[in-house]
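Asks: Residues per chain, in single letters:
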Amino acid sequence: MDFGFGEDQELLRSTTRRFLTEHQSLADVRRSMEEPDLFDPVVWRQGADLGWTAMLVPAEHEGGSVTGQPLVDLVVLAEELGRELNPGPFVPCNVSADAIARFGTEVQAKEHLPRLARGETTSAWCLSGDGSPEPSAVEVRASRSGDGWRLEGVARYVHAAADATLLLVTATGPESGVVNLLVPRPSAGLTDRVLTGLDLTRRFAEVHFDGVTVPGAAELAGGWAVVERCLSVATVLQAAESVGAADHLFTATVEYAKKRVQFGRTIGSFQAIKHRLANLLIELEGMRAAAHYAALALGDGLPDADEAVATAGAYVDDAFAHLAGEAIQLHGGIGFTWEHDVHLFVRRAKVNQVLYGDGAWHRERLIRLVEAATAPSGGA
Amino acid sequence: MDVIVPAIPGTYDGFRATLRAFIAEHKPTLAWKQRTGLRVPDRAADVELLRTYVRAIHDAGYVLDRFSAEPGDPHEQRILEQELVAAGVPHVLGNPLVAGALKHFGTDEQRSTYLPPMARGDHIWTQLFSEPDAGSDLTSLQTRAGRDGDDFVVVGQKVWSTWAQWSDYGYLLARTEPVEGPAGISAFILDMRSPGVDVRPLREMTGTTDFNEVFFDEVRVPAVNMIGAPGEGWRVAGASLAEERSNVGGAGGVDPVQRLVGLARRHNRGGRPAVEDGAVRQQIGGFAARSRIQRHLGQRMATKAMKGQITAADAPLAKIWFSELNLEMVEAALALQGARSMAVEGDELTVEDGRWQDAFLYARAWTIAGGSNEIMRNLIAERGLGLPREPRGQS
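So the sequence lines, in the order shown, correspond to chains A and B. Each residue of the first sequence is one higher than the one before, starting from 22 at the first, in my numbering. Each residue of the second sequence is one higher than the one before, starting from 68 at the first, in my numbering.
Chain B extracted, bound-state conformation:
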């Protein structure tokens, strides 16, 4: 038993140094304030700066495996991930999950047409899955794509699409077959500049705009833009959703438990530093344990994946563990600030420029997005433990 990630040989030091210097030289200074979570720039100028940055990295020959048909050198890939994350600005523009779908289900032409510009930041993608009446219950989605000659004609509405306001293409699920449920769904590549596409940015409880509503008024999509076969959309989406769930929470940066200790030192409770309070110590000690276990669950999952032993319960389990621990920790962070926790970004009384208040409000995105935690619990129970499926209601 071990958790050893093979060391990167010293012969790669040059690669890393060159990359790091390259990133430092090309990294843009954004007007946009970065926050925790999957956040989207709020200024067109910043999007252009990011495109230029991503293009520069790509054109210098640095391409992530997720966008290429052939896997690169594993050590170089790890260094690339590490350095791009350390740079602290987005290096993947838009929602890249369609890449997995194209790799597994796309045609050669689709792959060669869409993967390289996605890697280069030339094409920003959004995901067009959820609908107002089909969130957690995604297979009941009602957006339709009816065949008309060489095209499909799309009518309907999507919601919770990140990056849609800046997107060039959409990864669309729509109903094409005359059957209810998953068997009626197909997956498409949709040009977001097609006539009839209307993107309306959504302002969320955070006050920021990270998601959008997207309306389709008889939007024509060429039939060759279908990913996979008619009625195969649910399978196509399944692959990418599983990836989204297991990727959730791979944030990095300073350990949030250490941040909590910092807050507990600086804020008082009962007239003395909160870190001296027994209840606070117990709470943070408990977070520390669960936070470490989150890492070990990841190590178990990686091992199971390697041995082909992943079960349907694994990704939902990891998503629930992360999102609920995250929520509790940010709630505790606000509690530690006492009355001062009411001050947010922009107020002179605010703590750490309001990062905790934003993280608190955003925490609900993690417990809901990518399949609400209630649906995750259904998946664990039904697919992981083999309990009977939920009956579908009549409406």
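Here chain A stands alone, though its shape is the one from the complex:
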């Protein structure tokens, strides 16, 4: 058993950390966050050179991973990007690359994967109208139009849509079930509106489809199975991002508690503070264990992959949000100021909580899996 990262992955971590410190640290993100667009295509392509979008792309399409466990490699990257609250389309690009590599035709793979791997294409995933991963929530309708498809409707809360050049669109099909389509952006009839959002370090958009047409070859075959796979990958990567962000914030909070003096002693010497920090470390370690195991299980196709992903979804982002809220409280007044970074983490956490299925959604999924595994007699 070695439930940890290998040397190559630790090297990937240190390289990524150095790159982000130099090119897109939280301080840099902060400087750009009040501008309309956060996306920096130059940094993104440099990041792509470091493998940010290549791990799930097969070698014949210019991809490649550090180890034989690409999803675990991505966890390392996600943690590092999360630490700096990186605004980039890391999750949607990797979700799309994985979906195209797994479900796409050879033509689709050739067309999109090298460009995604190089960072020339960035993508966004248009899942549903209310953000929830339910077939009934999908509000884009696909109808046949000649040999192709015609799209009407709206998808909301789509990360990085306004910067994307490729949309993965989940739509209700003409028969039952969903179809997933690869839609270039821009396209005629495709418009988007960037939300004024709670998370200041990412941009989400509402994407409108008014008679957008794509050829039949744009379909990514597989229906809801594609959505399930995308959700699992997104849940794991977002969980890892939350772990990185939470780790950074927690370390900063502990340091603050060691420095801040009130009543003639550092506040970290008060047991009320110590116990809260201890609780946060317990949560952080739980988040880490859940995210790492989910990546391992999903990536290696272990028999309990579904349970592992649902566990990460059920625990990690809710714990991150709790930790971030506590970090504000433990910083006291300074944590309430705009200038301090803590609120940026709180905002990130609150939004992560509701993306790709919220905690309640994953807990429901998990109890269904437990029910299926429990004999009718009741396990006693």
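It should be emphasised that the hints constitute simulated quantities derived from the structure, not laboratory data. Do not rely on the hints blindly, as some may be mistaken.
Claimed, not checked - When the alpha-carbon atoms are kept at most 16 Å apart in a straight line, the in silico EDC-like pairs for lysine to aspartate or glutamate are as follows:
{"id": "1", "chain 1": "B", "residue 1": "K100", "chain 2": "B", "residue 2": "E412"}
{"id": "2", "chain 1": "B", "residue 1": "K170", "chain 2": "B", "residue 2": "E137"}
{"id": "3", "chain 1": "A", "residue 1": "K280", "chain 2": "B", "residue 2": "E449"}
{"id": "4", "chain 1": "A", "residue 1": "K131", "chain 2": "A", "residue 2": "E81"}
{"id": "5", "chain 1": "B", "residue 1": "K94", "chain 2": "B", "residue 2": "E115"}
{"id": "6", "chain 1": "A", "residue 1": "K131", "chain 2": "A", "residue 2": "E141"}
{"id": "7", "chain 1": "A", "residue 1": "K279", "chain 2": "B", "residue 2": "E457"}
{"id": "8", "chain 1": "B", "residue 1": "K94", "chain 2": "B", "residue 2": "D126"}
{"id": "9", "chain 1": "B", "residue 1": "K100", "chain 2": "B", "residue 2": "D420"}
{"id": "10", "chain 1": "B", "residue 1": "K371", "chain 2": "B", "residue 2": "D69"}
{"id": "11", "chain 1": "A", "residue 1": "K279", "chain 2": "B", "residue 2": "E150"}
{"id": "12", "chain 1": "B", "residue 1": "K100", "chain 2": "B", "residue 2": "D113"}
{"id": "13", "chain 1": "A", "residue 1": "K371", "chain 2": "A", "residue 2": "E347"}
{"id": "14", "chain 1": "B", "residue 1": "K374", "chain 2": "A", "residue 2": "E31"}
{"id": "15", "chain 1": "B", "residue 1": "K374", "chain 2": "A", "residue 2": "E28"}
{"id": "16", "chain 1": "B", "residue 1": "K170", "chain 2": "B", "residue 2": "D132"}
{"id": "17", "chain 1": "B", "residue 1": "K100", "chain 2": "B", "residue 2": "E419"}
{"id": "18", "chain 1": "B", "residue 1": "K94", "chain 2": "B", "residue 2": "D113"}
{"id": "19", "chain 1": "B", "residue 1": "K94", "chain 2": "B", "residue 2": "D132"}
{"id": "20", "chain 1": "A", "residue 1": "K131", "chain 2": "A", "residue 2": "E83"}
{"id": "21", "chain 1": "B", "residue 1": "K374", "chain 2": "A", "residue 2": "D23"}
{"id": "22", "chain 1": "B", "residue 1": "K371", "chain 2": "A", "residue 2": "E141"}
{"id": "23", "chain 1": "B", "residue 1": "K170", "chain 2": "B", "residue 2": "E299"}
{"id": "24", "chain 1": "B", "residue 1": "K371", "chain 2": "A", "residue 2": "D23"}
Start from chain A and add chain B according to the hints.
Replies: This is chain B only, laid out in the frame that chain A set:
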């Protein structure tokens, strides 16, 4: 990254089959009702049956690593652990933590004198650590052992000693040095049949007797029975306590989350099976997540141990995670039973013979024993995160 435990080669199938048959042949039928937790038989006859069983296993050549100076074949050890646990009756009698202390700090003679009979069930041990005024704050313990010729003379009182009512030997911490705090403490091997030892079984909130008070009225302990050097007792104990914390919760058996699903199917809420209730589903789903994470925390700890990266926060963290999740789950189990949860073992209305009611009452042993969870949080904060130590008060 992996969580693979190397498979046991098929060449060990014979070893397992022989062992399993041996256990089946020698396993006693006890009058004592087994419960969850670290529980102690309430009848002398059962203790004797268990001794006979443990002796038979030992004499057939099956010895756990924790009791032997040389580690055995790792596959055989795993099979041995698995089969003994699966047998469902205790295979370690008494509190075995002194074994670790003897291995690391004992003399060769102490090891050869005490480890084999412990492994064989000939000697049952108890741990004499906590005192009425020194529970979580163990280093303030006041039981004294004063030097008198070749002996030490022990005066004081201990509490929360499991198995003491059936024990032959005690693993004692007492104050020998003229300084306060940890530096004044030494560790001893104490013969529980020495004159002046008085064991008084304690009935706990569960109604069962798993712990005892032990009084020492000028009990003579030979100086050669000290484990380690004078004043080294706190270090000796530290090694064994860390083991106790990380061992807490290694129960096995049916997944408690599946048991909860079973209860939720059989009991109603709002006129329909509780398992259809959204709040119940959310709660059990949350337990399922935390219960799985508990396993993954264990896998992380095992990996860190292998790489020598264990921190002072790891064992306390695992203990808190397990004990607080356990408490919440047994509380939920009672809630699922509704008013019927008031019926306990012996009543015809009781659910599953009262296992949940007993587990609910016993759950507080896990949050308190082995260092209360508040002390565990201090350890995480002070030794894990490097925050300032709690000041000691004046009294």
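Asks: Give me the numbers of the hints this structure contradicts, sorted from smallest to largest.
Replies: Violated: hints 11, 19 and 22.
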